[in-house]
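Participant: Residue numbers (our numbering), protein chains in the order written: chain A, 1 to 332; chain B, 1 to 332.
Please note: incorrect hints may appear among the correct ones.
[Stated by the list, open to error] Subject to a maximum C-alpha distance of 30 Å in a straight line, what follows is the list of computed DSSO-like cross-link-like pairs (lysine-lysine):
#, chain 1, residue 1, chain 2, residue 2
1, B, K24, B, K313
2, B, K63, B, K264
3, B, K21, A, K313
4, A, K313, A, K289
5, A, K21, B, K313
6, A, K63, A, K289
7, B, K63, B, K313
8, A, K328, A, K289
9, A, K313, B, K313
[As the list claims (entries may be wrong)] Away from chain B, derived, C-beta distances all over 10 Å, residues of chain A:
#, residue
10, E25
11, P27
12, Y98
13, G103
14, S178
15, D192
16, A214
17, T215
18, D221
19, S248
20, T254
21, K264
22, P288
23, E294
[Unchecked claim] Sample of chain B residues at the chain A side, in silico, Cβ under 8 Å:
#, residue
24, A88
25, Y89
26, L91
27, A95
28, P97
29, Y98
30, G100
31, L114
32, M117
33, S120
34, G122
35, D187
36, I190
37, V193
38, Q314
39, P319
Just so you know, the hints here were simulated from the structure itself, not pulled from any lab data. Just so it is clear, the structure is predicted and the values come from calculations on it, not from any experiment. Virtual Cβ for every residue (Gly too), placed ideally from N, Cα, C.
Below, each chain spelled out in residue letters.
2 protein chains.
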Amino acid sequence: MDHMPIVTSARMISAASVVGKKEKEGPLGGCFDLFDPTDRFGAPSWEMAESEMQRMALNLALKRAELTRGEIDALFAGDLLNQCVGSAYGLLPFAIPYFGIYGACSTSAQGLILASMAVSGGGLERACVVTSSHYCSAERQFRTPVEYGGQRAPTAQWTVTGAAAFAVARGEAGVLISRVMPGRICDAGISDVSNMGAAMAPAALDTLLRFFRATGEEPTDFDLIVTGDLGFEGGAILRELAEAEGYSMTDRHTDCGMLIYDQKRQDVHSGGSGCGCSATVLASHFLPKLQRGELRRILFLATGALMSPDSLKQGASIPGVAHLVELKGGMG
Amino acid sequence: MDHMPIVTSARMISAASVVGKKEKEGPLGGCFDLFDPTDRFGAPSWEMAESEMQRMALNLALKRAELTRGEIDALFAGDLLNQCVGSAYGLLPFAIPYFGIYGACSTSAQGLILASMAVSGGGLERACVVTSSHYCSAERQFRTPVEYGGQRAPTAQWTVTGAAAFAVARGEAGVLISRVMPGRICDAGISDVSNMGAAMAPAALDTLLRFFRATGEEPTDFDLIVTGDLGFEGGAILRELAEAEGYSMTDRHTDCGMLIYDQKRQDVHSGGSGCGCSATVLASHFLPKLQRGELRRILFLATGALMSPDSLKQGASIPGVAHLVELKGGMG
Chain A
1 MDHMPIVTSA
11 RMISAASVVG
21 KKEKEGPLGG
31 CFDLFDPTDR
41 FGAPSWEMAE
51 SEMQRMALNL
61 ALKRAELTRG
71 EIDALFAGDL
81 LNQCVGSAYG
91 LLPFAIPYFG
101 IYGACSTSAQ
111 GLILASMAVS
121 GGGLERACVV
131 TSSHYCSAER
141 QFRTPVEYGG
151 QRAPTAQWTV
161 TGAAAFAVAR
171 GEAGVLISRV
181 MPGRICDAGI
191 SDVSNMGAAM
201 APAALDTLLR
211 FFRATGEEPT
221 DFDLIVTGDL
231 GFEGGAILRE
241 LAEAEGYSMT
251 DRHTDCGMLI
261 YDQKRQDVHS
271 GGSGCGCSAT
281 VLASHFLPKL
291 QRGELRRILF
301 LATGALMSPD
311 SLKQGASIPG
321 VAHLVELKGG
331 MG
Chain B
1 MDHMPIVTSA
11 RMISAASVVG
21 KKEKEGPLGG
31 CFDLFDPTDR
41 FGAPSWEMAE
51 SEMQRMALNL
61 ALKRAELTRG
71 EIDALFAGDL
81 LNQCVGSAYG
91 LLPFAIPYFG
101 IYGACSTSAQ
111 GLILASMAVS
121 GGGLERACVV
131 TSSHYCSAER
141 QFRTPVEYGG
151 QRAPTAQWTV
161 TGAAAFAVAR
171 GEAGVLISRV
181 MPGRICDAGI
191 SDVSNMGAAM
201 APAALDTLLR
211 FFRATGEEPT
221 DFDLIVTGDL
231 GFEGGAILRE
241 LAEAEGYSMT
251 DRHTDCGMLI
261 YDQKRQDVHS
271 GGSGCGCSAT
281 VLASHFLPKL
291 QRGELRRILF
301 LATGALMSPD
311 SLKQGASIPG
321 VAHLVELKGG
331 MG
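Produce the complete structure using the sequences and hints provided.
Facilitator: What follows is the structure, given as structure tokens:
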């Protein structure tokens with residue numbers, strides 16, 4: 001039985017992004033709201049720096065929406081750290097009812113789906129979605145500590161140091177979250193942590209095909225199809241796989257991991273990744289374009305890889321997931 | 001601004017539980033659906049055993065509800081393992097749209113809140129909630145490997161080897177999920193991983209007080225107030241804290257961590273814990289009582305501790321959260 005996309009009436013009423021030095025120096029550097037050239041954000045550990053980025057992003061998103069924390073019914077938040085501690089400690093001071101979510105780098109889209117369903121269905125009046133990643137905490141946890149100086153493979157991606165927050169509510173103003181479609185877990189048998197794009201591309205394809213087949217729509221019905229962080233390698237794989245299925249989207253596909261860094265000048269190999277990648281690029285690059293009407297209708301698919309370092313050591317391959325959010329600009 | 005509980009029209013239409021040897025030998029052993037006296041469930045690692053328990057629980061819950069996997073719109077699932085791999089690998093074969101959640105031992109209630117809001121609000125027709133924990137994988141990850149034979153403190157709890165699945169849908173049949181209230185993260189400054197009950201009790205108090213104050217209701221309005229896994233230590237702390245706030249509930253409070261083991265005969269010190277604790281006890285002990293009308297109205301509060309081993313090494317204390325679900329038996 002094919003699932004139809006879920007229609008919602010929720011809107012993104014504000015957003016904010018916080019990034020580190022490398023992201024600020026990248027091609028989108030001028031878009032981001034806040035940054036710290038030391039990547040430390042005044043915190044004594046990289047993990048606590050991540051928490052601080054989440055606090056900064058949520059504070060600014062609330063300020064822009066002219067909302068106090070008491071007016072937010074729930075937070076949907078997650079990150080890459082074990083037990084999602086970036087979010088738990090980061091958002092503790094807000095004292096807002098809290099849903100921890102784990103979708104790896106797909107967290108932004110997963111949170112937007114859950115928040116928009118709850119707001120649109122009447123369970124919540126207003127909710128915020130928050131997520132983050134940090135290059136140094138992610139390297140330490142998933143690969144090797146940065147101090148080790150390990151060489152990076154050509155297909156490796158660079159974890160974005162960044163956090164973003166989105167406020168979602170009913171109403172007439174803001175970018176419409178018109179339809180959403182949660183992803184299924186897909187495992188194509190890839191077990192190379194230096195090639196996450198290849199591991200996640202089949203999940204992005206699965207969600208896109210389910211969406212196009214259920215609706216009868218095509219890539220040309222959208223201004224852009226924006227994937228989360230497949231990077232250059234995974235992005236190329238997705239376009240090729242989609243082409244083979246009869247959906248050509250080379251002229252309107254882009255990927256947040258391909259946009260956030262200058263591939264050659266910044267030595268990032270296959271591009272950016274991490275929960276903070278798609279979240280900050282959506283918050284500060286695509287949302288303003290939707291608000292200004294430069295983009296009318298886009299598909300945003302954040303992709304995540306759901307393995308752990310331990311599961312890989314035990315011989316498992318890398319399962320991926322991709323959650324889809326349709327956004328409509330202008331007055332929707 | 002005080003949040004009111006969220007009213008839902010969703011019902012739990014089936015549930016199933018899977019446990020290990022110690023749980024089967026405990027006072028509720030006769031209630032659980034499936035068990036493996038080796039705790040291995042045919043898997044080569046404890047982590048993969050957890051995944052297998054989730055598969056078994058979801059399969060049985062679907063069978064009981066007479067539903068195929070294609071009829072389920074989404075899964076809400078999580079566990080204690082890093083990056084929630086118990087759920088990701090366990091539920092991969094079902095190919096059902098997947099929301100990963102992280103609420104530590106509060107996962108069952110968090111999942112039921114999200115599923116009931118989405119089903120009640122119209123976003124989803126049917127959803128399943130799945131969670132698990134395993135003594136051996138949890139000890140290895142959070143404390144010391146079992147082979148180390150570390151001595152346990154009197155306030156320590158025993159992580160339940162168990163998984164449960166719940167199917168949630170609209171309709172007339174099944175136990176009504178009448179009201180839900182997500183918890184806020186609370187940190188009372190406890191940093192002793194051998195006393196999780198004390199770390200989580202303030203979160204349970206916070207949610208209960210918010211519920212009673214917002215509704216004007218009292219403990220005597222409910223047949224039972226069931227907390228997740230505060231255990232004997234945390235349960236006593238909660239009752240004392242509630243008493244001090246004017247809400248006496250000694251005659252109607254119980255805790256899944258106090259029920260699942262025989263404290264003296266089974267040498268479990270302060271009782272059971274883990275995502276599987278409240279989930280299996282709800283699925284196999286309380287739900288049948290609600291279905292038979294032996295219980296008419298209960299509050300179920302699963303509690304979770306949101307720290308990681310790394311955050312504790314970095315000097316942080318243990319933040320807790322407690323999510324509340326009101327369940328109505330009979331025909332609701």
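Participant: Each hint: holds or not?
Facilitator: Hint check:
no. : hint            : result
1   : B:K24 x B:K313  : violated (35 Å)
2   : B:K63 x B:K264  : violated (37 Å)
3   : B:K21 x A:K313  : holds (27 Å)
4   : A:K313 x A:K289 : violated (43 Å)
5   : A:K21 x B:K313  : holds (27 Å)
6   : A:K63 x A:K289  : holds (21 Å)
7   : B:K63 x B:K313  : violated (44 Å)
8   : A:K328 x A:K289 : holds (11 Å)
9   : A:K313 x B:K313 : holds (24 Å)
10  : E25             : holds (29 Å)
11  : P27             : holds (30 Å)
12  : Y98             : violated (5 Å)
13  : G103            : violated (5 Å)
14  : S178            : holds (13 Å)
15  : D192            : holds (17 Å)
16  : A214            : holds (12 Å)
17  : T215            : holds (16 Å)
18  : D221            : holds (22 Å)
19  : S248            : holds (26 Å)
20  : T254            : holds (24 Å)
21  : K264            : holds (32 Å)
22  : P288            : holds (28 Å)
23  : E294            : holds (29 Å)
24  : A88             : holds (4 Å)
25  : Y89             : holds (6 Å)
26  : L91             : holds (7 Å)
27  : A95             : holds (5 Å)
28  : P97             : holds (4 Å)
29  : Y98             : holds (5 Å)
30  : G100            : holds (4 Å)
31  : L114            : holds (6 Å)
32  : M117            : holds (4 Å)
33  : S120            : holds (7 Å)
34  : G122            : holds (6 Å)
35  : D187            : holds (6 Å)
36  : I190            : violated (14 Å)
37  : V193            : violated (12 Å)
38  : Q314            : holds (5 Å)
39  : P319            : holds (5 Å)
Violated hints, in rising order: 1, 2, 4, 7, 12, 13, 36 and 37; the structure is consistent with all others.
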